[in-house]
Amino acid sequence: MKPSRTERIGILGGTFDPIHIGHLLLSEFIKDELELDYVLFLPARIHPLKENAGITAAHHRLEMVRLAIEDNTSFMVSDIELRRETVSYTIDTLISL
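Position 58 (the sequence shown) corresponds to 58 in our numbering; numbering is contiguous.
To be clear, the hints were calculated from the coordinates, so they are not data collected in a lab. Keep in mind that a hint or two might mislead.
What the hints assert, rightly or not - Computed beta-carbon distance windows for the label pairs:
| id | residue 1 | residue 2 | range |
| --- | --- | --- | --- |
| 1 | 22 | 91 | 24 to 32 Å |
| 2 | 26 | 5 | 23 to 31 Å |
| 3 | 79 | 21 | 20 to 28 Å |
Glycine included, C-beta positions come from ideal geometry on N, C-alpha and C.
Put together the whole structure using the sequences plus the hints.
Take a look at the structure:
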């Protein structure tokens, strides 16, 4: 069966160290404002604009995001950038998705 329309997915990348209410409120607002079906959270392993020393371990940040979004069925998380050994650039992630 063919879907009636293409799903609209917003993407929010960041270090999420830690994820906080601002990330969640922004995501909910943008989802509603742009009539998105989902928001995909992408924790970055190596953020291109931040010092990476002292950042919480990737697996802990991923779990923090999972816990923060678990009650919102419109929110998803991917570890695609955490599996990459290099700096996370949006264009590379979009090509990979």
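Residue 79 versus residue 21 beta-carbon gap, inside 20 to 28 Å or not:
The hint (20 to 28 Å, Cβ to Cβ) holds, given that residue 79 and residue 21 are roughly 23 Å apart.
Given the hint of 23 to 31 Å, check if residue 26 and residue 5 actually sit that far apart at their C-beta atoms.
Holds, since residue 26 and residue 5 (Cβ atoms, about 25 Å apart) stay within the stated range.
Does the Cβ pair residue 22, residue 91 satisfy 24 to 32 Å?
holds, 25 Å
This entry satisfies every hint, going by the numbered hints stated previously.
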